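Number of protein chains: 2
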Amino acid sequence: MKFCSGCASPLLYQVPEGDNRERACCPSCGAIHYVNPKIVVGTIPTFGNKVLLCKRAIEPRYGFWTLPAGFMELNETTHAGALRETWEEAGAKATLGPLFTMFDVIRAEQVHLFFRAQMDAPEFSAGVESLDVKLFAEEEIPWDELAFKTVSKTLTLFFEDRRQGQFTLHTGDVYDHTDWPLDSFKA
Amino acid sequence: MKFCSGCASPLLYQVPEGDNRERACCPSCGAIHYVNPKIVVGTIPTFGNKVLLCKRAIEPRYGFWTLPAGFMELNETTHAGALRETWEEAGAKATLGPLFTMFDVIRAEQVHLFFRAQMDAPEFSAGVESLDVKLFAEEEIPWDELAFKTVSKTLTLFFEDRRQGQFTLHTGDVYDHTDWPLDSFKA
Numbered sequence: 001m002k003f004c005s006g007c008a009s010p011l012l013y014q015v016p017e018g019d020n021r022e023r024a025c026c027p028s029c030g031a032i033h034y035v036n037p038k039i040v041v042g043t044i045p046t047f048g049n050k051v052l053l054c055k056r057a058i059e060p061r062y063g064f065w066t067l068p069a070g071f072m073e074l075n076e077t078t079h080a081g082a083l084r085e086t087w088e089e090a091g092a093k094a095t096l097g098p099l100f101t102m103f104d105v106i107r108a109e110q111v112h113l114f115f116r117a118q119m120d121a122p123e124f125s126a127g128v129e130s131l132d133v134k135l136f137a138e139e140e141i142p143w144d145e146l147a148f149k150t151v152s153k154t155l156t157l158f159f160e161d162r163r164q165g166q167f168t169l170h171t172g173d174v175y176d177h178t179d180w181p182l183d184s185f186k187a
Numbered sequence: 001m002k003f004c005s006g007c008a009s010p011l012l013y014q015v016p017e018g019d020n021r022e023r024a025c026c027p028s029c030g031a032i033h034y035v036n037p038k039i040v041v042g043t044i045p046t047f048g049n050k051v052l053l054c055k056r057a058i059e060p061r062y063g064f065w066t067l068p069a070g071f072m073e074l075n076e077t078t079h080a081g082a083l084r085e086t087w088e089e090a091g092a093k094a095t096l097g098p099l100f101t102m103f104d105v106i107r108a109e110q111v112h113l114f115f116r117a118q119m120d121a122p123e124f125s126a127g128v129e130s131l132d133v134k135l136f137a138e139e140e141i142p143w144d145e146l147a148f149k150t151v152s153k154t155l156t157l158f159f160e161d162r163r164q165g166q167f168t169l170h171t172g173d174v175y176d177h178t179d180w181p182l183d184s185f186k187a
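Chains as they are written, first to last, in UniProt numbering: chain A, 1 to 187; chain B, 1 to 187.
Just to be clear, a hint being listed does not mean it is correct.
[As the list claims (entries may be wrong)] Computed list of lysine-lysine pairs in BS3-like fashion (alpha-carbon distance at most 30 Å, straight line):
no.	chain 1	residue 1	chain 2	residue 2
1	B	38	B	134
2	B	2	A	186
3	B	50	A	38
4	B	134	A	153
5	B	93	A	38
[Unchecked claim] If you anchor each label on the Cβ, the simulated ranges turn out as follows:
no.	chain 1	residue 1	chain 2	residue 2	range
6	A	159	B	17	21 to 29 Å
7	A	142	B	183	28 to 36 Å
8	B	15	A	173	51 to 59 Å
9	A	27	B	165	32 to 40 Å
10	A	181	B	143	18 to 26 Å
11	A	6	B	75	51 to 59 Å
12	B	173	A	128	46 to 54 Å
13	B	2	A	162	45 to 53 Å
14	B	49	A	59	30 to 38 Å
Everything labelled a hint here was simulated from the structure, so no lab data went into it.
Source: prediction; values computed, not measured.
For each residue, glycine too, the CB sits at the ideal point set by N, CA and C.
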């Protein structure tokens, strides 16, 4: 960020009064241009014991498999965004379940949210950002061809929790996350 | 947003190729300037049966009470951000618990995350953004002087869940949220 998006003046990086971090400040109009992490919303769409994955038709990670997910837009909820991505990338309608993982990807300046979701029918089709879409049983998951760490971690935890008969919530840094067993929800 | 932050050219609002939404596009350098919701992170800090609130020393809602919370920064996790805000605004150290509410505030283009948190000791002090900080029992909560809808909703659900002996997760639009009872976590 070099120029003020409000008045086109060159920006200065300095700590604004009352703040403790360097920000992009406009010496001309006084605007402070904050940059914050972006939210990626997606689902773990299931039909029976299978999970729906998309083969990416776009960079980064062209040709690798992913859960349907993408940037949350303005004027939508996290729930609506997750279902929108499931429809846009995988052509699948689903009923949303609870949040399953919320992972920080600090290097990418993103927070990834994955909700469980039950597909209404085994119907799906590749959207413009997907080369292919397919239902995978656990033993069929292409672990070596998954696009992102948040996806492989979410799938690993999903199958682990499912085997234990109980899903819970997993949050924090994707490289060092925290599991919240159902005990943590006791008052 | 009127000018490109990369090259200072006037921006055009149009739908980029392969997209389906209008974005701020730079006809000169080709940059597309996406705008997405921002994350606000905070805690429900408790000591015994009391909850810690801060009286705001800044606008919006100067003089109203709030849970400690603020914009998530780059280079931090949601967990670290929530505890940072608890320290900065309320001078309190706490041990983080699970995510309790994740509310969309569509009009403000924000998603608010509140984690439960247990204070290590009944020690706190007003940070520069707070006029006062105080522990409140449920019957002492200044309901008519709370700063934000996400705060009043989070506190209401917190006391409801606590009475039932079981906390769960509450997500979605703050005006029309979804509760996820522990049953939803069954595989």
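Check: Using the C-beta atoms of residue 6(A) and residue 75(B), is the stated range 51 to 59 Å upheld?
Finding: Taking Cβ atoms as reference, residue 6(A) and residue 75(B) lie about 25 Å apart, which means the hint is violated.
Item checked: Distance restraint evaluation - residue 142(A), residue 183(B), Cβ atoms, bounds 28 to 36 Å -> Holds: the Cβ-Cβ distance is about 33 Å, inside 28 to 36 Å.
Check: Within 30 to 38 Å or not, the Cβ separation of residue 49(B) and residue 59(A)?
Finding: Distance hint for residue 49(B), residue 59(A) is violated at roughly 53 Å.
Next item on the list: Starting from residue 93(B), check that the Cα of residue 38(A) is at most 30 Å away, please.
Entry: Distance ~27 Å between residue 93(B) and residue 38(A) Cα, so the pair holds.
Notebook entry, point to check: For the pair supplied as a hint, residue 134(B) and residue 153(A), is the alpha-carbon distance within the 30 Å limit?
Noted result: Judged against 30 Å, a Cα distance of about 40 Å means the pair is violated.
Note to self: What's the verdict on residue 50(B) and residue 38(A), does the C-alpha distance respect the 30 Å limit or exceed it?
What the structure shows: 33 Å, violated
Check: Does the hinted range 46 to 54 Å hold for residue 173(B) and residue 128(A) at CB?
Finding: 28 Å, violated
Note to self: Please check whether residue 27(A) and residue 165(B) have a Cβ separation lying inside 32 to 40 Å.
What the structure shows: Between residue 27(A) and residue 165(B), where Cβ atoms are some 56 Å apart, the hint is violated.
Item checked: Status of the given 21 to 29 Å range, CB of residue 17(B) versus CB of residue 159(A) -> 38 Å, violated
Notebook entry, point to check: Between residue 2(B) and residue 186(A), is the straight-line Cα distance small enough, at 30 Å or below?
Noted result: 50 Å, violated
Note to self: Looking only at beta-carbon atoms, does the pair residue 15(B), residue 173(A) fall within the given range of 51 to 59 Å?
What the structure shows: 35 Å, violated
Margin query: Between the alpha carbons of residue 38(B) and residue 134(B), is the straight-line distance 30 Å or under?
Written below: 28 Å, holds
In terms of the numbered hints stated before, the structure departs from hints 2, 3, 4, 6, 8, 9, 10, 11, 12 and 14, listed from lowest to highest.
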